[in-house]
Amino acid sequence: MTLLPKALLLVAAFGMAACNNPNRYGQDGAGGAGGAGGNGGFIDTNGLGDPSNPKSIAYFNQSVGDRVLFPVDTSTLTAEARGILSGQASWLASNGDYAIIIEGHADEQGTREYNLALGARRAASVQDFLISQGVAPSRMRTISYGKERPIEVCSDEACYSKNRRAVTVLSMGAGA
Amino acid sequence: MIGQNFPCKHRAKCAQSQGQSRPDNSPLNNEDKMSHFKSLTAALLIGLSSLSSLALTTAAHAEITIDINSPVIEPMPFAVPDFIDEGGAGGLAADISRVVAADLAGTGLFVETPKDAYISRVTSFDAPISYPDWQAINTQALITGAVQAGGDRIVVKFRLFDVASGQPLGEGLQFAGTPGSWRRMAHKVADAVYARITGEGPYFDSRVVYVAESGPKNQRQKRLGVMDYDGANVKYLTDSSSIVLAPRFSPNGDRILFTSYASGFPAIYVMNVGSLKTRNLGEVPGTMTFAPRFSPDGNTVVFSLEKGGNSDIYSMDINSGQMSQLTNAPSIETSPSFSPDGSQIVFESDRSGTQQIYVMSAGGGEGVRISGGKGRYSTPVWSPRGDMIAFTKQNEGRFHIGAMLTDGTEERLLTASFLDEGPTWAPNGRVIMFTREGAGAGGQAGLMSVDVSGRNLKAVTTDGPASDPSWSPMLP
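Chains A and B, in that order, give the protein sequences.
Each position in the first sequence, counted from 1, maps to that position plus 47 in this note's numbering.
Each position in the second sequence, counted from 1, maps to that position plus 130 in this note's numbering.
Source of the hints: derived by calculation from the structure; they are not laboratory data.
Ideal placement from N, C-alpha and C gives every residue a C-beta, glycine not left out.
Please note that the accuracy of each hint is not assured.
Stated by the list, open to error - Which bits of chain B does chain A cover? Going by a derived footprint, with three or more residues having C-beta under 8 Å, they are: (1) 455 to 469; (2) 581 to 588.
What the hints assert, rightly or not - Mimicking SDA-like on lysine to any residue, the simulated pairs with C-alpha atoms at most 20 Å apart in a straight line are: (3) B/Lys504 to A/Lys209; (4) A/Lys209 to B/Gly472; (5) B/Lys407 to B/Gly361; (6) B/Lys437 to A/Ala183; (7) B/Lys437 to A/Asp175; (8) B/Lys588 to B/Gly361; (9) B/Lys504 to A/Asp120; (10) A/Lys209 to A/Pro118; (11) A/Lys209 to B/Gly527; (12) B/Lys588 to B/Asp360.
Claimed, not checked - Over 10 Å on every C-beta distance to chain B, these chain A residues come out as not near it, computed from the model: (13) Pro98; (14) Lys102; (15) Gly112; (16) Pro118; (17) Ser141; (18) Ala167; (19) Ser179; (20) Gln180; (21) Pro197; (22) Glu199; (23) Met219.
Given only the sequences and the hints, what does the whole structure look like? Please build it.
Spelled out as structure tokens, the structure:
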């Protein structure tokens, strides 16, 4: 691949990213609205759709599973994670309109910058797997939050295990 | 200086010799645009001409000294009577002496003799010192001072006396600046006292850039703040609309490097401290840049760039944007820090399986591992003195701040807690500030400092939760 088309692809991905409100952890307190914290009690204030509609983001988040978890300080996908991601890949294959951001996260048992790098590794593991399952690279972009956005705040393994995650966050790619 | 009075008894002569404020177009002046920095003319009126040559011929070793490397330190008693108001200073004179006392006592090397123990009152800056009155209350160092204020200017002068030997210790000094910079002048007085007695470099007249935090752990808001080393004069540099991480001062304090999610994705930025003008240092979509640090000359930035999940260290000419790759490994290479001479870079890598510390040439390469103990070593920071490297260590579920020689020997751990990380050195290389965070939902982050000896661990006052401190160089 020459440099130019690659750059164009990246720009395209970036454009989609903008639609996807990647910085959904901003001041407006929308943290988790798009998926990471989207748990339970469906009220469609976020444009996620009706979870009983198998084409909705809500369905993807809740029924396909929007996240995979990692053991301590690893980015290798477990068998369970690969199962979830295979499900994501086939859902994404039949729902081609969605743009994808893969968020990598770490628990708090590490230094800040290392955890940023570790979160990026985890997001890349997921991205690589989805590519291997046929998801177009141009639909995807990764972002690492390191240990900046835990979903659980206790300081033991029960919470850490949920924070060591990669979350596949979808948005309508319309216009991208 | 034995037996010499304050060398600047003649006011006209003083004014003449201190009138050299730096021109406004000085490259260091960006910081001066911040209100409290405004036109501080730190005029050091060291006995010019004849007096200083006299000093050389009669120089005697001070009797009062503190060797901060000594294994046991008995804090030295000192007294700082309220500085004399020589006109217009009002309460500022006492306020300045209180800041001087707080600086000195805050080191743990000094202990203030309480005022109610005083026998003598100091009523005039030029009155002779009644040494027996200070000897009788066992104080060892006496600091007297005076403040004049008028218009947009205050002048602070002080003298330091060795009570036991009944002699001044060094010459009197004088600083001039705006009323808004009174704390800086107090810090300069304390710096001079600290330096004369310990023989170490000063560090009180310095700033710290950090991340001010608010909100619960799972929805933490972050913004950049800058404050005096003691937590005073806080100014916020960004709002909380996007995550900001790990700021670093430039070598002359005029700029700050940091990582921000402002574009939606983490990338490195440089901010001018005076104008707050901020520039994205060339974000490449599909990559993440983070962990930026200046070279000692301020012209190069080293940082990590992540591509496809792999982070390596790169350098960038901050003016041209020209980049070069310094490490090339499938492992995580991050948290670089230049040696003060600019020839080497210390960084962390997990190439061995866990985070360890390596030193490479500033031009790049594989590097040589220097950390050898148990556990993981990360966030290395080269001391401004060049002699040591501070780091974070994780071992058996605990975090430590430590320091080692640059070849990795003589490792010492200075702290231990649930989560300590991210050391930064005081300008004199003798004190380390870092982040400590508690466990669980209530465990807010805060700043702590500790001597490189491991003594004097204490919280740094901030106006809320805080993390990622970076100490400035000495202010101009």
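| request: Measure nothing beyond the straight line between the CA atoms of A/Lys209 and B/Gly527; if it is 20 Å or shorter, mark the hint as holding. | output: holds (19 Å)
| When you check the alpha-carbon spacing of B/Lys504 and A/Lys209, does it fall within 20 Å? | violated (28 Å)
| task | Compute the least Cβ-Cβ separation between A/Gly112 and chain B, then decide whether it is above 10 Å. | result | holds (20 Å)
| field | Stated coverage of the region 455 to 469 of chain B by chain A [criterion: 3+ residues, CB within 8 Å] | value | holds (count 3)
| query | Does B/Lys437 pair with A/Asp175 here, judged by a C-alpha cut-off of 20 Å? | reply | Roughly 12 Å between the alpha carbons, so the hint for B/Lys437 and A/Asp175 holds.
| said: Need the status of pair B/Lys437, A/Ala183: alpha-carbon distance at most 20 Å? | reply: holds (18 Å)
| message | For a C-alpha distance cap of 20 Å, please report whether B/Lys588 and B/Asp360 respect it. | response | holds (11 Å)
| request: For the pair we were handed, A/Lys209 and B/Gly472, check the Cα-Cα distance against 20 Å. | output: Not satisfied, since the Cα-Cα distance of roughly 42 Å exceeds 20 Å.
| field | Verdict on A/Pro98 as a residue remote from chain B, using beta-carbon distances over 10 Å | value | holds (23 Å)
| query | Checking the smallest CB distance to chain B, is A/Lys102 really beyond 10 Å? | reply | Correct as stated: the minimum Cβ-Cβ distance to chain B is 26 Å, above 10 Å.
| said: According to the definition I'm using, a residue is off the interface if its beta carbon is farther than 10 Å from all beta carbons of the partner; does A/Pro118 meet that for chain B? | reply: holds (14 Å)
| Given the proposed pairing of B/Lys407 with B/Gly361, does the C-alpha separation stay at or below 20 Å? | violated (24 Å)
Hints 2, 3, 4, 5, 18, 21 and 22, counting from the list given before, are not met by this structure.
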